[in-house]
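A.B. asks: Listed in order, the protein sequences are those of chains E and R. Per our numbering, the first sequence starts with residue 34, numbered consecutively. Per our numbering, the second sequence starts with residue 268, numbered consecutively.
Think of the hints as simulated: they come from the structure by calculation, not from any bench. Check each hint, because a few of them may be wrong.
[Stated by the list, open to error] Computed Cβ-Cβ distance ranges for the label pairs, DEER-style:
1) Cys280/R <-> Arg169/E: 24 to 32 Å
2) Gly433/R <-> Val39/E: 50 to 58 Å
3) Gly395/R <-> Val154/E: 36 to 44 Å
4) Phe74/E <-> Cys280/R: 37 to 45 Å
5) Phe74/E <-> Thr351/R: 37 to 45 Å
6) Ser206/E <-> Val275/R: 45 to 53 Å
7) Lys198/E <-> Gln456/R: 39 to 47 Å
8) Met268/R <-> Pro131/E: 56 to 64 Å
9) Asn306/R <-> Arg44/E: 18 to 26 Å
10) Glu443/R <-> Pro131/E: 30 to 38 Å
11) Ala117/E <-> Thr542/R: 42 to 50 Å
12) Gly444/R <-> Val175/E: 53 to 61 Å
Fair warning: this is a prediction, and the values are worked out from it, not measured in the lab. Virtual Cβ for every residue (Gly too), placed ideally from N, Cα, C.
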Amino acid sequence: MSTPAVFRLTRLHARYQFTETIRVPIAVIGTTLMPSLSLLFFVVPQPFAQNPAEATAAAAQLAVLAVMSVCLFTYGVGVAEDRALPWDGYLRTLPVGPSPRLTGRLLTGLAFVVIGLVPLVLIAWLLTAATLPPTRLALTAVALLAAGVPLFALGISIGYSLSTKAALAVAQSLLLPLAFGGGLFLPPNTFPGWLDAISTWLPTRAGRDLVVAATTGAHLPGTALLMLAGWTLLTGSLAMRAYRRDQGRRFR
Amino acid sequence: MEILARTVQATRCYGPVTALDGVSLDVPAGQLLGLLGPNGAGKTTLLQLLAGLRRPTSGTVELFGGDPRDATRRRRLGCTPQETGLPPTLRVHEVVDFVAGHFADPVPTAELLEQFALTGLERRQTGGLSGGQKRRLTVAVAFVGRPDLVLLDEPTTGLDVEARHGLWDAVRHYHEGGGTVVLTSHYLQEVEALAERVVVVDQGRVCVDGTIADVRSLVPARRVRLRSPSLPDLSGIERSSRVDDRYELWTADSDALVRDLVTSGAPFRDLEVSTASLEEAFLALTSPSLRTTVPTLKEMAR
Numbered sequence: 034m035s036t037p038a039v040f041r042l043t044r045l046h047a048r049y050q051f052t053e054t055i056r057v058p059i060a061v062i063g064t065t066l067m068p069s070l071s072l073l074f075f076v077v078p079q080p081f082a083q084n085p086a087e088a089t090a091a092a093a094q095l096a097v098l099a100v101m102s103v104c105l106f107t108y109g110v111g112v113a114e115d116r117a118l119p120w121d122g123y124l125r126t127l128p129v130g131p132s133p134r135l136t137g138r139l140l141t142g143l144a145f146v147v148i149g150l151v152p153l154v155l156i157a158w159l160l161t162a163a164t165l166p167p168t169r170l171a172l173t174a175v176a177l178l179a180a181g182v183p184l185f186a187l188g189i190s191i192g193y194s195l196s197t198k199a200a201l202a203v204a205q206s207l208l209l210p211l212a213f214g215g216g217l218f219l220p221p222n223t224f225p226g227w228l229d230a231i232s233t234w235l236p237t238r239a240g241r242d243l244v245v246a247a248t249t250g251a252h253l254p255g256t257a258l259l260m261l262a263g264w265t266l267l268t269g270s271l272a273m274r275a276y277r278r279d280q281g282r283r284f285r
Numbered sequence: 268m269e270i271l272a273r274t275v276q277a278t279r280c281y282g283p284v285t286a287l288d289g290v291s292l293d294v295p296a297g298q299l300l301g302l303l304g305p306n307g308a309g310k311t312t313l314l315q316l317l318a319g320l321r322r323p324t325s326g327t328v329e330l331f332g333g334d335p336r337d338a339t340r341r342r343r344l345g346c347t348p349q350e351t352g353l354p355p356t357l358r359v360h361e362v363v364d365f366v367a368g369h370f371a372d373p374v375p376t377a378e379l380l381e382q383f384a385l386t387g388l389e390r391r392q393t394g395g396l397s398g399g400q401k402r403r404l405t406v407a408v409a410f411v412g413r414p415d416l417v418l419l420d421e422p423t424t425g426l427d428v429e430a431r432h433g434l435w436d437a438v439r440h441y442h443e444g445g446g447t448v449v450l451t452s453h454y455l456q457e458v459e460a461l462a463e464r465v466v467v468v469d470q471g472r473v474c475v476d477g478t479i480a481d482v483r484s485l486v487p488a489r490r491v492r493l494r495s496p497s498l499p500d501l502s503g504i505e506r507s508s509r510v511d512d513r514y515e516l517w518t519a520d521s522d523a524l525v526r527d528l529v530t531s532g533a534p535f536r537d538l539e540v541s542t543a544s545l546e547e548a549f550l551a552l553t554s555p556s557l558r559t560t561v562p563t564l565k566e567m568a569r
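So that you can see chain R by itself, here it is in the shape it has in the complex (with noise of 0.2 Å):
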């Protein structure tokens, strides 16, 4: 398969700071990936290396096989501004159009503008835009040259949830004709809805990458909610946590853990079994306190 971008143990340093550490990355064509991590764990960084605005301060970065801040390697590639960057006294129309006009093959503007909810806004300057409209605006110039690799720096951000669903359609129908996205993201939700693989950012280091399920398989696959005095010593727990006599369990095995309480006798009420999400299973992964055990995870990940 085409290796549309790729990192091969990118380094980056502000100063004395290492947003990146030794990141080797592969983006295959047609791919939908989704990046993840805390805030400063060197997603935007990593996003700058691929479109060519920073240069790596050791290692390589590729971009359709060549260097990406050589402007020709760019053709083909669709990147968002940051909404606080549109210049204010242009027209919505005059920001397409002039995006546009450096492909060769550019998406109408007014076809453009539809997909993304726009239509009726081209005269408006871009600086009296709401802040929804602001943020569908610079991910829509993402897709004006028809390019093979979209990159999306978290671009739901601010949006409600109507317009969240919009623009995950958007992005769904890109993908769906072939398109290559890389996005990042605050809301797990956006990345389970979206993306088929996942690949968390901490500290500067890729600490997994895989599926939503690999991902999710990091943590204990139940959680068990219920309400009692006090509980027996239960086998099959891998984690636990108790406020009063609120008890959360986490295990690989549900049934058999429901069963044991069971037979145990113990008192107990408001039992609620379910799966671990995904925002639980990042928690883990990249919460200071669980941080050392990041390594382990990793190797169950392979």
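Next up, chain E with everything else stripped away, as it sits in the complex (with noise of 0.2 Å):
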């Protein structure tokens, strides 16, 4: 297949994926607009929402878990659904390979990542003092970016190896303990020492320490990013071999 035809597909993929989804609103709002209340809710009356590093630093650990949602949901719930639909079957058909729809899927995370992340940065620009000047802007992006990577990896599996019921389950119960445990609600300095210490060990942690560094310019603990790049490999591998079970599985 020419390079042109993979684009076109990929977008084609993308974009009915992302009508397919955006038909059911309440859906899309359940996993975008969490992250966007709890600042609302539980940082905009604090004080120290009118401290600038402190209040940057909440916004960039909330905009971690809203990778975190569309992650487990979009990726792992949607793709546990997708799998049982006879319409996936039936799309193997079409003259396409997996890569178009792979990429296509990516593409549709990657836009409700966006969504959710508008009124979040819209409600930390609005009502508290954070800031992110323009220069921090692509560092940012790039750090959101890595610290999602292991967490969609983490999607991924639990789509490709779990049936929908058991894929929701498994997304909500991973959803609280990696917010709180990675200190996506509270900033980890208010951790007790043994809490801080597991908290150290979590994909979500890393992620939060990165995004926050990147974001405010604090100091990047040197464990972060080896947290990370292990995670990426256990969940890649893990997803890896989710994808390829499920392909002899169901397509042998």
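Two chains, two frames, some hints: make the complex.
C.D. replies: Here it is in structure tokens:
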């Protein structure tokens, strides 16, 4: 298949998946609005919302939450749902390989991350003292992407290895511990020593530290990048295995 | 003649179950082939092999001269999704446009919808369509890419008579334009109305492959029905059944049978002679009590 054809098909699949998802607005709002609401109700009324560094860090960690909830729900639950539908089998009779469909899915998830980030950034900008100088914008985007990779792979592993109901249960039960433990709701400096020690081992904590460092210039602990790399390797290989096993089981 | 699709000794097992058992089948260009068989006979598995949805456990499957699992081999192929599988939130025209986007020269959406009596439903979400409308939409998308080969898995199940005939017209129209069709159906009448070639699959094997007339010839050609308190021995009866005073006799030569009957002087009434339908042939081929006779029938067909 020629390269322009692959691009065209990727765009086609991305647009189609986006349309399909956006038609159930409540599902989109549910996954994308939660971080903004957390910011509005748990950060804006607090005194530290007027401290630029602390407010920026709070918004940054909620941005990681936005990425994670899209990864777990759009990729985790969404993929499991798609796999269960006969339509998925029909798509495989069309003259299109797996890559436009996978890339289309990746792009759709990115679009929903952006949709979730827009109100978050607006609230942080208008109602708190958070600041993000333009020079840090690109760095922040890269940091969010890097923080998102292991979470994306986690979502894909769930989606390709579990049924819809199981995927939903697993995604929900992972979301809160990973969010709280990773310091996405409360900053880790408020943690007791034992929790902080556990937290350091979580992919969300590493991602949070990276994004906070990118937005505020705060010190980045040396363990963060190491943890992120380790989790990316682990979840990445899990995702590959789940994807291949699924292909092997269903499409032999 | 160009062979568009082919299986050679294709076997497909699901764990301990053998769904297809060494099936060899050629689909030449321009043919309208009906695939018949009871539920679980292996028809759907055969179509899935041809569409590249499954790999054979052993044997080979070819589509347009290559592996159907290679996406480029499917450019000239049209398939139907299951009606329960349409994405419920998408509109009718979005589904058609999306499928059309995979092909180089698709049929314009409006033209396709008109052909399948879906005009006016463009903006409806597929979840809100009736069963018959969904079914027509699933068949319509098989034709959107101007395919050379179309695989239709029970295209008219759940349609009323009028819609079924409309769909037959569309399939015939496509076939007259040079298109090749492989269709499975529960309705023998449908296969009888459309297909030039009939392949009967049972228990994962091809038990008959021929024209409608070939399949018909597998059962005695004529059925004679009559009511009588009792009948004498008559020659040329290949099979018979009796319920109370109602007799059903199967014979190759109904003229001779009726002559014998009249000459014998036996009392009878309500005489009725008819040609065996494909349905009767099919039942004879695949009903468990008669299965043992199938190999001989198969030899007869040759």
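A.B. asks: Could you run down the list of hints and mark each one as holding or not?
C.D. replies: Evaluated hints:
The hint said 24 to 32 Å for the Cβ distance between Cys280/R and Arg169/E, and at roughly 59 Å that hint is violated. Taken as a hint, the range 50 to 58 Å is violated for the pair Gly433/R and Val39/E, whose Cβ atoms sit roughly 38 Å apart. The hint said 36 to 44 Å for the Cβ distance between Gly395/R and Val154/E, and at roughly 37 Å that hint holds. Between Phe74/E and Cys280/R the beta carbon distance is about 57 Å. The supplied range of 37 to 45 Å is therefore violated.
At roughly 42 Å, the beta carbons of Phe74/E and Thr351/R sit within the given window of 37 to 45 Å. For the pair Ser206/E and Val275/R, the supplied restraint of 45 to 53 Å holds, since their beta-carbon distance comes to about 50 Å. For Lys198/E paired with Gln456/R, a C-beta distance near 42 Å keeps the hint of 39 to 47 Å intact. In this structure, Met268/R and Pro131/E break the distance hint of 56 to 64 Å, their C-beta atoms being roughly 34 Å apart.
At roughly 41 Å, the beta carbons of Asn306/R and Arg44/E sit outside the given window of 18 to 26 Å. Checking the proposed 30 to 38 Å range against Glu443/R and Pro131/E shows it holds: the Cβ atoms sit about 36 Å from each other. A hinted range of 42 to 50 Å for the beta carbons of Ala117/E and Thr542/R is consistent with their spacing of about 47 Å. The hinted window of 53 to 61 Å between Gly444/R and Val175/E holds, with their beta carbons roughly 55 Å apart.
Going through the hint list in order, the structure does not satisfy hints 1, 2, 4, 8 and 9.
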